[in-house]
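Asks: Listed below, chain by chain, are the residues.
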Amino acid sequence: AQSVAQPEDQVNVAEGNPLTVKCTYSVSGNPYLFWYVQYPNRGLQFLLKYITGDNLVKGSYGFEAEFNKSQTSFHLKKPSALVSDSALYFCAVRDGGATNKLIFGTGTLLAVQP
Amino acid sequence: EAGVAQSPRYKIIEKRQSVAFWCNPISGHATLYWYQQILGQGPKLLIQFQNNGVVDDSQLPKDRFSAERLKGVDSTLKIQPAKLEDSAVYLCASSRAGGTGRADTQYFGPGTRLTVL
Numbered sequence: 001a002q003s004v005a006q007p008e009d010q011v012n013v014a015e016g017n018p019l020t021v022k023c024t025y026s027v028s029g030n031p032y033l034f035w036y037v038q039y040p041n042r043g044l045q046f047l048l049k050y051i052t053g054d055n056l057v058k059g060s061y062g063f064e065a066e067f068n069k070s071q072t073s074f075h076l077k078k079p080s081a082l083v084s085d086s087a088l089y090f091c092a093v094r095d096g097g098a099t100n101k102l103i104f105g106t107g108t109l110l111a112v113q114p
Numbered sequence: 115e116a117g118v119a120q121s122p123r124y125k126i127i128e129k130r131q132s133v134a135f136w137c138n139p140i141s142g143h144a145t146l147y148w149y150q151q152i153l154g155q156g157p158k159l160l161i162q163f164q165n166n167g168v169v170d171d172s173q174l175p176k177d178r179f180s181a182e183r184l185k186g187v188d189s190t191l192k193i194q195p196a197k198l199e200d201s202a203v204y205l206c207a208s209s210r211a212g213g214t215g216r217a218d219t220q221y222f223g224p225g226t227r228l229t230v231l
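First to last, the sequence lines map onto chains R and F.
Under the working numbering, the first sequence has 57 at position 57, and the numbering climbs by one with no breaks.
Under the working numbering, the second sequence has 181 at position 67, and the numbering climbs by one with no breaks.
Accuracy of the hints is not assured; some may be wrong.
Chain F side only, calculated, beta carbon under 10 angstroms to chain R, not exhaustive [to be verified]:
(1) Ser141
(2) Thr145
(3) Tyr147
(4) Gly156
(5) Tyr221
(6) Phe222
(7) Pro224
(8) Gly225
Ranges of calculated distance between the beta carbons of each label pair, as one might list FRET restraints [said to hold, decoys possible]:
(9) F:Asn165 <-> R:Lys77: 31 to 41 angstroms
(10) F:Ile126 <-> R:Glu8: 24 to 34 angstroms
(11) R:Gln10 <-> F:Lys158: 13 to 23 angstroms
(12) R:Ser70 <-> F:Asp177: 27 to 37 angstroms
(13) R:Gly16 <-> F:Leu184: 43 to 53 angstroms
(14) F:Ser121 <-> R:Gly29: 50 to 60 angstroms
(15) R:Asn12 <-> F:Asp177: 38 to 48 angstroms
(16) R:Thr52 <-> F:Val168: 23 to 33 angstroms
Below, in silico cross-link-like pairs of lysine-lysine (DSSO-like), each with a Cα-Cα straight-line distance of 27 angstroms or less [stated by the list, open to error]:
(17) R:Lys58 <-> R:Lys69
(18) R:Lys77 <-> R:Lys58
(19) F:Lys197 <-> F:Lys158
(20) F:Lys158 <-> R:Lys69
(21) F:Lys158 <-> R:Lys77
(22) F:Lys176 <-> F:Lys129
(23) F:Lys158 <-> R:Lys22
(24) R:Lys58 <-> R:Lys22
(25) F:Lys192 <-> F:Lys129
Hints are computed from structural coordinates only; laboratory data are not their basis.
The C-beta atom is built at its ideal place from N, Cα and C for all residues, glycine as well.
Using the sequences and the accompanying hints, generate a full structural model.
Replies: Structure below.
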């Protein structure tokens with residue numbers, strides 16, 4: 001069965017520093033991977049996805065993610081964190097069946113200190 | 115383009131009562147999803163529609179949950195009777211296609227926060 005793991009419940013980073021939010025995956029077949037962000041009392045906003053091709057995927061709001069097949073990882077990164085990036089981040093993988101169902105991780109809370 | 119709309123945003127009910135949530139997807143999106151997000155967890159798919167047909171409802175507790183998507187556009191999710199453990203955020207999402215092949219992006223609405231007392 002497809003799954004993703006987010007090993008950190010919370011990541012703390014100072015404004016202006018680079019940030020990394022970790023995600024590892026387990027899939028049979030080709031991995032289709034996603035990152036979403038959730039602000040308080042809001043739905044999930046799509047950041048980026050990896051389907052195939054370049055291992056470095058660029059997304060919204062200056063975020064990017066690096067796909068690493070040998071390490072089965074899909075870490076989210078940003079060169080310079082903003083206080084407004086503070087939110088809950090979810091990694092997800094497309095289920096391998098005939099549907100487009102997403103399997104989500106448990107989420108990582110990113111706290112950016114001014 | 116307008117995003118996914120959901121109502122109500124918040125709902126408080128007592129256990130054993132019934133409740134219904136409404137979702138209007140992005141115009142032209144064939145696939146609609148209902149997810150349940152319990153506090154501290156990632157969203158979990160309850161049911162997926164493609165047009166007005168059910169694609170996956172394997173995790174829908176069918177003894178108390180029901181959903182429909184008449185005319186292949188908006189959708190309602192109902193819980194009857196509600197239990198304490200149904201307290202969660204119910205998220206609706208839509209995507210352009212959603213069947214086999216490449217992974218379509220799912221766009222989410224703001225969610226309905228349900229509290230069952």
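Asks: Each hint should be assessed against the structure and marked as holding or not.
Replies: Comparing the hints with the structure gives:
1. Ser141: Result: violated, 17 angstroms to nearest chain R Cβ.
2. Thr145: Holds - the Cβ of Thr145 (chain F) comes within 10 angstroms of chain R, reaching about 6 angstroms at its closest.
3. Tyr147: 8 angstroms, holds
4. Gly156: 3 angstroms, holds
5. Tyr221: 6 angstroms, holds
6. Phe222: 4 angstroms, holds
7. Pro224: 5 angstroms, holds
8. Gly225: 5 angstroms, holds
9. F:Asn165 <-> R:Lys77: 31 to 41 angstroms: 38 angstroms Cβ-Cβ, so the 31 to 41 angstroms window holds.
10. F:Ile126 <-> R:Glu8: 24 to 34 angstroms: 33 angstroms, holds
11. R:Gln10 <-> F:Lys158: 13 to 23 angstroms: 22 angstroms, holds
12. R:Ser70 <-> F:Asp177: 27 to 37 angstroms: 45 angstroms, violated
13. R:Gly16 <-> F:Leu184: 43 to 53 angstroms: For Gly16 (chain R) and Leu184 (chain F) the Cβ distance comes to about 51 angstroms; the hint holds.
14. F:Ser121 <-> R:Gly29: 50 to 60 angstroms: 38 angstroms, violated
15. R:Asn12 <-> F:Asp177: 38 to 48 angstroms: 43 angstroms, holds
16. R:Thr52 <-> F:Val168: 23 to 33 angstroms: At roughly 29 angstroms between Cβ atoms, Val168 (chain F) and Thr52 (chain R) fall inside 23 to 33 angstroms, so the hint holds.
17. R:Lys58 <-> R:Lys69: Satisfied, since the Cα-Cα distance of roughly 17 angstroms is no more than 27 angstroms.
18. R:Lys77 <-> R:Lys58: Holds, at about 10 angstroms.
19. F:Lys197 <-> F:Lys158: 18 angstroms, holds
20. F:Lys158 <-> R:Lys69: Roughly 25 angstroms between the alpha carbons, so the hint for Lys158 (chain F) and Lys69 (chain R) holds.
21. F:Lys158 <-> R:Lys77: 25 angstroms, holds
22. F:Lys176 <-> F:Lys129: Since the Cα atoms of Lys176 (chain F) and Lys129 (chain F) sit roughly 17 angstroms apart, the hinted pair holds (cutoff 27 angstroms).
23. F:Lys158 <-> R:Lys22: 20 angstroms, holds
24. R:Lys58 <-> R:Lys22: 16 angstroms, holds
25. F:Lys192 <-> F:Lys129: 14 angstroms, holds
The structure does not agree with the numbered hints 1, 12, 14 stated previously, though it agrees with the rest.
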